[in-house]
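**Q** Okay, here's what each chain looks like letter by letter:
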Amino acid sequence: MNASVFGGLLAVLGREWKLALRHPSDTLAAVLFFVLVAALFPFGVGPAPETFSRLAPGALLAAALLAALLPLDRLFGAEAEDGSLDQLLLSGLPRGVLAAAKALGHWLTTGVPLIAATPIAAAMLNLPVEAWGVAMAALALATALLSLLGTLGAALTLGARRGGVLLPLLVLPLAIPAVIFGAAAIEAASAGLSAAPFLLLLGAGVSIAAPLAPLAAGAALQND
Amino acid sequence: MAAGQPILDVRELACIRGDREIFAGLSFTVPAGGALLLTGANGAGKSSLLRVIAGLLPAAGGEVLLEGAPASTDPAGHALRLRYISSQDALKPALTVAENLAFYAALWGGQVTPGPPSLEALGLGALASLPGRVLSTGQRRRLALARLGLAPVRLWLLDEPSLGLDVASVARLGDLMARHRAGGGAILAATHLPLPLPDARELKL
Chain A
1 MNASVFGGLL AVLGREWKLA LRHPSDTLAA VLFFVLVAAL FPFGVGPAPE
51 TFSRLAPGAL LAAALLAALL PLDRLFGAEA EDGSLDQLLL SGLPRGVLAA
101 AKALGHWLTT GVPLIAATPI AAAMLNLPVE AWGVAMAALA LATALLSLLG
151 TLGAALTLGA RRGGVLLPLL VLPLAIPAVI FGAAAIEAAS AGLSAAPFLL
201 LLGAGVSIAA PLAPLAAGAA LQND
Chain B
1001 MAAGQPILDV RELACIRGDR EIFAGLSFTV PAGGALLLTG ANGAGKSSLL
1051 RVIAGLLPAA GGEVLLEGAP ASTDPAGHAL RLRYISSQDA LKPALTVAEN
1101 LAFYAALWGG QVTPGPPSLE ALGLGALASL PGRVLSTGQR RRLALARLGL
1151 APVRLWLLDE PSLGLDVASV ARLGDLMARH RAGGGAILAA THLPLPLPDA
1201 RELKL
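Protein sequences appear in the order of chains A and B.
Residues 1 to 224 in our numbering are what the first sequence spells out, letter by letter.
Residues 1001 to 1205 in our numbering are what the second sequence spells out, letter by letter.
Simulated from the structure, these hints should not be mistaken for lab results.
Honestly, I wouldn't trust all of these hints.
Covered stretches of chain A (chain B as the covering partner; in silico rule of three or more C-beta atoms under 8 Å from a C-beta of chain B) [to be verified]:
{"hint": "1", "segment": "18-24"}
{"hint": "2", "segment": "28-41"}
{"hint": "3", "segment": "92-101"}
In this text, all values refer to a predicted model and were calculated from it rather than measured experimentally.
Even for Gly, the Cβ is constructed at its ideal location relative to N, Cα and C.
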């Protein structure tokens, strides 16, 4: 990767960051959605703390992935609407690098705040405090995987009618491994076992998706 | 570049959108320092032609050569040798005027300075720290056009550049275009309004 491509990637990333800081509503909406979904579970299950320990890992993962999906249909949609996508496509940046910058931007502005909010959601689901660290690590990897797959989904559904509905249908089935291994890691940690195998499997998923998803997203990116 | 070689050489270009042929067999050249005005009724394909030349739409046939190099062999390199100002202003309302422009300066090179050739080239100096969302239609258009003042390239593709501009801003745009042409650049502009482009040829689609 030469210097100008790296500089372009940083420019796109810096712009994403600045836009998220100026308009925190998207980020806040995702975080509040996450916390509220986690808060709803106890009402449905009733006052049975032991049930929560079975429920908490899966609920935490599902809530976080759904929350991270919220801003995805605007990822390229907003750029296409105001004409910025044309300029980005003509910026000379390889399209895969452009998609990678958008995926990383999505993770930094949505995934990282969700990780920060994990202790609140974990407390509501009565997750043992010993497992909070593993829960945050599992969510970090799971949201990274979702950012990558979601960028691909956003590029594919760009310009499609009802793209906002199509996107979750396309992305969530692919995110099933993230839920399985993420929840297994948290469950292992709350039982006092090692979570490392599951986290490593999640990490393997991220490292496969990290080069492939942006490449595919870049190939799918088109504005007409 | 060989002497006399045109900046833009369009050969037998064709474009199909959906099932409809927008244009076909279109050939023309724009020399260094030259300007070509695209005119024609709404829907005649002016914007599509600009997008095909920019590489944003696939050509159904024919080829586009920029400074002798075919666009299809190196799309990224092709994109770097032109500026395309579409009918959309491509501004972020949350960023200031200077930040909007600085983003493109970071991508393309060039400096955002208060004076010309950057912000003041289109009279935006006093607006530099205002957020994009408070700009008027004409001011937004001027900010989009200010991208032309960043790193120099040989070909400008302009889609209705003067739409919404006041008389003084059209004159500033005229100066900017005259400097570009004097420096050996070429301009291809789609427009319904008279543009300050002396001795421009006209292509009616």
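**Q** Checking each numbered hint in turn, tell me which of them this model violates, lowest number first.
**A** 2
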